[in-house]
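Participant: What follows is each chain in one-letter form.
2 protein chains.
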Amino acid sequence: MTGKSAEGTQTRCGPEARSTRLRALLSDLGADSLLVSHLPNIRYLCGFSGSAALLLVERSKSTLFTDSRYTFQAREEVSGAQIRIAKKGILRAATETLRGRRRGFRVAYSATHMSVAEKRLLEAGAGVRWVADGNVVEKLRAVKDEEELIWIRKAALLISDVFRRTLPLIRPDVTELDLAAEIEHDIKRGGGSGPSFETIIASGPRSAWAHARPTSKLLRKSELVVLDQGAIIGGYCSDMTRTVHLGRASARAKSLYQAVRDAQQAGKQAIRPGATAGDVDRAARASLKTSQLDRYFTHSTGHGLGLEVHEMPRLGKSEATVLCKGMVLTVEPGVYLEGFGGIRIEDDVIVTANGCDDLTTAPRDFLEL
Amino acid sequence: MTGKSAEGTQTRCGPEARSTRLRALLSDLGADSLLVSHLPNIRYLCGFSGSAALLLVERSKSTLFTDSRYTFQAREEVSGAQIRIAKKGILRAATETLRGRRRGFRVAYSATHMSVAEKRLLEAGAGVRWVADGNVVEKLRAVKDEEELIWIRKAALLISDVFRRTLPLIRPDVTELDLAAEIEHDIKRGGGSGPSFETIIASGPRSAWAHARPTSKLLRKSELVVLDQGAIIGGYCSDMTRTVHLGRASARAKSLYQAVRDAQQAGKQAIRPGATAGDVDRAARASLKTSQLDRYFTHSTGHGLGLEVHEMPRLGKSEATVLCKGMVLTVEPGVYLEGFGGIRIEDDVIVTANGCDDLTTAPRDFLEL
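Those protein sequences? They're chains L and P, same order as listed.
First residue of the first sequence? That's 1 in our numbering, and the numbers climb one at a time after it.
First residue of the second sequence? That's 1001 in our numbering, and the numbers climb one at a time after it.
A couple of the hints might just be wrong.
[As the list claims (entries may be wrong)] Distance condition first, Cα-Cα at most 27 Å in a straight line; then the derived DSSO-like pairs of lysine-lysine:
| # | chain 1 | residue 1 | chain 2 | residue 2 |
| --- | --- | --- | --- | --- |
| 1 | L | K87 | P | K1289 |
| 2 | P | K1061 | P | K1087 |
| 3 | L | K87 | P | K1268 |
[Said to hold, decoys possible] Pair ranges (Cβ atoms, derived):
| # | chain 1 | residue 1 | chain 2 | residue 2 | range |
| --- | --- | --- | --- | --- | --- |
| 4 | L | D161 | P | S1250 | 36 to 46 Å |
| 5 | P | R1092 | L | R295 | 15 to 25 Å |
| 6 | L | D161 | P | G1125 | 41 to 51 Å |
| 7 | L | G14 | P | E1016 | 46 to 56 Å |
| 8 | P | G1134 | L | D262 | 52 to 62 Å |
| 9 | P | K1139 | L | S51 | 16 to 26 Å |
| 10 | L | G14 | P | K1221 | 53 to 63 Å |
| 11 | P | R1364 | L | D161 | 47 to 57 Å |
| 12 | P | R1364 | L | A52 | 25 to 35 Å |
Derived by calculation from the structure, the hints in this document are not laboratory data.
Glycine residues also receive a C-beta, built at the ideal position from the N, C-alpha and C atoms.
Bound conformation, chain L alone (with noise of 0.2 Å):
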């Protein structure tokens, strides 16, 4: 990946500064331009945070395609692009600006964020030759500009003041849906535009699922309650899961809590630039069974984060992608036991030039409410 210092980060910040990166590595692409149509490739190659948009990269300019209801918003947001108000459509505007450009114009995109239909229109209106993204933009989002680390760790710092003055709140006889509530509100009274994904509260048996939406149910003593939560400032997100107990914990609720803090443990000690993904997946996994618990832990170790709660890289078993200096990841180990309950302990973190640093500062240790 080019345009990064010797240690990883990217240092020149902004959307500009992304694009031009992006430009450099059309070439290798085999592509004459990209036609970007995920919305956060799209925020972040240019600044546009609008809900219907495409964005033509080409070698020397950029062209934002959105409707009449951002007229204003782009104006105001946008750098580095020219903005086309399209009338009739933004596939169409698009594809007629392609159908101006040269015969065998290449233009790349992602088969991942383009539909079938998308496609059909594109292809039936511009004669242009057609290649593979290669997740070129996801990969550049991987390693963060320090432009970003500042709002992921306003983020990360948000989750974990509003997790400590949740706190109180976490007692019997408050359903899932007022913690989820009271919860969410305080991350816009803190700052920040919202929750990066609708906030998991699930307390008892409940807390097996590891996705559960919150419920009416009643938090009760003697309980798991999980409680994962994201926020989001700037556009960038966080993501924090904690696992409390109502009242005193039994022997098996704390041996399973101490099993997964290690594991998140050795999960964060393999990361490091040069390992990989699947690396940090193993160890969290290699650590649960030692305890024969890694059966019950059914999801992946951790992904990455910035401007969306899921991206780049995923940290699953056999997941292939070197760790470089810049990214951030979640770690979240869990187990989840039918009947009795599940745990999990997830912190977001970034990949040093030695290992790595917690951006969440929630207390980790078992909390007995």
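For this one, chain L is given, so just place chain P on it according to the hints.
Facilitator: Same frame as chain L, but now just chain P:
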């Protein structure tokens, strides 16, 4: 559309009745089955609300493919479909199932809701024939059944109540973000699972941005404030806009407001079974034209509403969709004058046998706060 009562409203409720209605339409598509990839369509047809799934609806059975995060949730939520927990990817599991079907087995799919990459994987793995789904599920969803209407009515009532409770907070020196936070918190306090989209609060000149995100800008005296908000309850959405004025409004603001209100009334009066979506849009636009304001009305008049905040039909100028009893629509004309500000009024209505009924109960008068 089959499976409707004489008046149009879907009579039998719930996922299994919906799947039955869908199965009756498979022959019209020239299909033996439908592979559903759009999550709201999956929820509609089998009740599953997780974030990763495919649903294969065949003539005599349905199969839901999801991953291990959702084992317990799927068991609790799904009706009328077998559950397959995919160990190596949902797409791969679906491909394997399709590979087991007879030669020439025809699978309908949505080109809009399937990515080029997903389609490629499915095509490579399963030797079946692919046919267009003609938005068959979206068309079924446009006409609500009684169970859905109960939730949509609740969602519309909830957001109306939230707006009434929010009124005392709409005052100078409150930030747009704080106001949005209070609204979203109150949605949850009122029993909603959350906002149906990121609440729009746009004050002063920013009110001319039809889709403005709330910012840290303070509300000021003598400003217009556009509040566009919606709630989700039981999975169903409401969507409502009100525009208020801080302090005494100018004659110009008042006359603009009245023009938008008249346009909304004209739009509602055009709604009845047999009218087209385009008729409604043209009626609202014609009303604004009488005061030369139609060129400031830069979006369509409304859209369907249900499990998604934007669904079929779109109330756009040249939309030919014929309205039926049981459809739920927003009616939301607006005018946006750069430098001056914007005004939008939006209600949710249900199409009745003779016209439409308001679901939104919040006051529509021009409030000077």
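Participant: List, from low to high, the hint numbers that the structure doesn't satisfy.
Facilitator: 10 and 11
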